[in-house]
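Trainee: This is what each chain is made of:
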Amino acid sequence: MLAAGLLWAAAAPADSVIERGRYLAAAGGCVSCHTEDRDDATPWAGGRALATPFGTFYSPNITPDRDTGIGAWTEAQFVTALREGRSPNGAAYFPAFPYPAYAGMEVEDARAIYAYLMSLAPVSRANQSHSLPWYLKMRLAARGWQWLFFRPQPFVADATRDADWNRGAYLVRHLGHCGECHTPRRALGALRAGEEMAGNPVGPEDRKVPNITPDEKDGIGDWSLSDIELFLEIGMLPDGDFAGAGMGQVIDDNTSQLTPADRHAIAVYLKALPPRPNPR
Amino acid sequence: MRRIISSAVLFLLAATSVAQAATPEDSIKYRKAVMETMAGHIAAITMIFSGKIDAQAYLLSHAEALAAAGDEVGKLFPAGSGVGKTEALPLIWQETERFQKDADAAKAATAQLRDAIKSGDKAAIGKALKPVGDSCKGCHDRYRQED
Chain A
1 MLAAGLLWAA AAPADSVIER GRYLAAAGGC VSCHTEDRDD ATPWAGGRAL
51 ATPFGTFYSP NITPDRDTGI GAWTEAQFVT ALREGRSPNG AAYFPAFPYP
101 AYAGMEVEDA RAIYAYLMSL APVSRANQSH SLPWYLKMRL AARGWQWLFF
151 RPQPFVADAT RDADWNRGAY LVRHLGHCGE CHTPRRALGA LRAGEEMAGN
201 PVGPEDRKVP NITPDEKDGI GDWSLSDIEL FLEIGMLPDG DFAGAGMGQV
251 IDDNTSQLTP ADRHAIAVYL KALPPRPNPR
Chain B
1 MRRIISSAVL FLLAATSVAQ AATPEDSIKY RKAVMETMAG HIAAITMIFS
51 GKIDAQAYLL SHAEALAAAG DEVGKLFPAG SGVGKTEALP LIWQETERFQ
101 KDADAAKAAT AQLRDAIKSG DKAAIGKALK PVGDSCKGCH DRYRQED
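Heads up: the protein sequence lines correspond to chains A and B, in order.
Heads up: the first sequence begins at 1 in our numbering, then just goes up one per residue.
Heads up: the second sequence begins at 1 in our numbering, then just goes up one per residue.
Okay, chain A solo, but in the shape it has when bound:
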């Protein structure tokens, strides 16, 4: 299936690469962070404040504007930024940009996203610098963080699992970077690998993020596959309540845009996670 996908991408005219990139960018949730949180904000032009325990980050403009956006970037530079967390001038990014998750993205997928972003209208909007404590102000701090915690690894399909699980793993762990909010972090912000999707008491914007492992007590053990699929499509919880608090936007920008097959794959992957209690 993967080989067929690559062949199709290589043989297809640019329009379908752009279309594929549009889909993958939705699955990557890019626009949610790269758009200011205002009703009249221009999508993709950046400026959204992301309050974290480490300071407030402002997302950059990723429209193809040459001066304020990424219009002067080559495809290779874009792929490096996504998968290795390095800017074109070699500086390390802070992991508020979820490249630790994107590191597992297929190169072809990163290229398609580049093609899509380059097809957008350039918007001139200067980036705002992050508001960080003094000890994080140097980009060297991000380099140090990478040295300590960042081990980029490509996605490797698990042959013991079926295609749905593997597709779900790719979407949840890498493109969708669900763990960035749903997995608890260590003191320096690295994800606690052994507690994947167990919830995060101090998520983005200081909001508590729920446990989405199949744990009966703390997680979503009583949700069926179709409950999860419907939630990802329209945002309804099994009791009829509707998600808000950031997830509403993830549903609008990301999961509701996916194919039913991809939502099913995500549900299959989540249901197959080991049940875990909430982190203490």
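If you're looking for bench data, these hints aren't it; they were derived computationally from the structure.
Remember, it's a predicted structure, so these values are computed and weren't measured experimentally.
For glycine and all other residues, C-beta sits at the position ideal for the given N, C-alpha and C.
Just so you know, not all the hints are guaranteed correct.
With a straight-line cut-off of 27 Å between C-alpha atoms, the simulated DSS-like cross-links for lysine-lysine are [to be verified]: (1) K32(B) with K208(A); (2) K208(A) with K29(B); (3) K85(B) with K217(A); (4) K107(B) with K32(B); (5) K130(B) with K271(A).
Cβ-to-Cβ under 10 Å is the rule here; a few derived chain B residues that face chain A [unchecked claim]: (6) M35; (7) G40; (8) K52; (9) E146.
Position chain B relative to chain A; hints supplied.
Mentor: For chain B alone, kept in the frame of chain A given last:
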């Protein structure tokens, strides 16, 4: 005779409840109760519509109840009911105009779903479900503190 007395009692109850404004605590409790009935009816509608539950005969009554509550949403947030045991964010009372517009959208969306269900047109019902969800989700995202 008994009937006359109980009517009189009901009337008295009605009269006293009209006479005094609700306390913030009661407004909050009432708001939660109405919101929870909305959730219950949407869950029921979704389960019947998706064929998980065979209760077609009750689909419309759930939709009627949902639309009735949808009509009320904009009135569930009286001034002063933003403090105490509530997840309602202060923003509701800081941008009342925008909030009321969102509440009107909830009213319109739930009314439309009821009309679609009345018509029995499956495609129309499917289409009408989305704005209801969008309206719930949009308001919760902006105006509800979750944890």
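Trainee: Take the hints in turn and mark each one as holding or not.
Mentor: To see whether the hints hold, each was checked on the structure:
no., hint, verdict
1, K32(B) with K208(A), "holds, 21 Å"
2, K208(A) with K29(B), "holds, 23 Å"
3, K85(B) with K217(A), "holds, 24 Å"
4, K107(B) with K32(B), "holds, 17 Å"
5, K130(B) with K271(A), "holds, 25 Å"
6, M35, "holds, 8 Å"
7, G40, "holds, 6 Å"
8, K52, "holds, 8 Å"
9, E146, "holds, 4 Å"
Hint violations for this structure: none, all hints satisfied.
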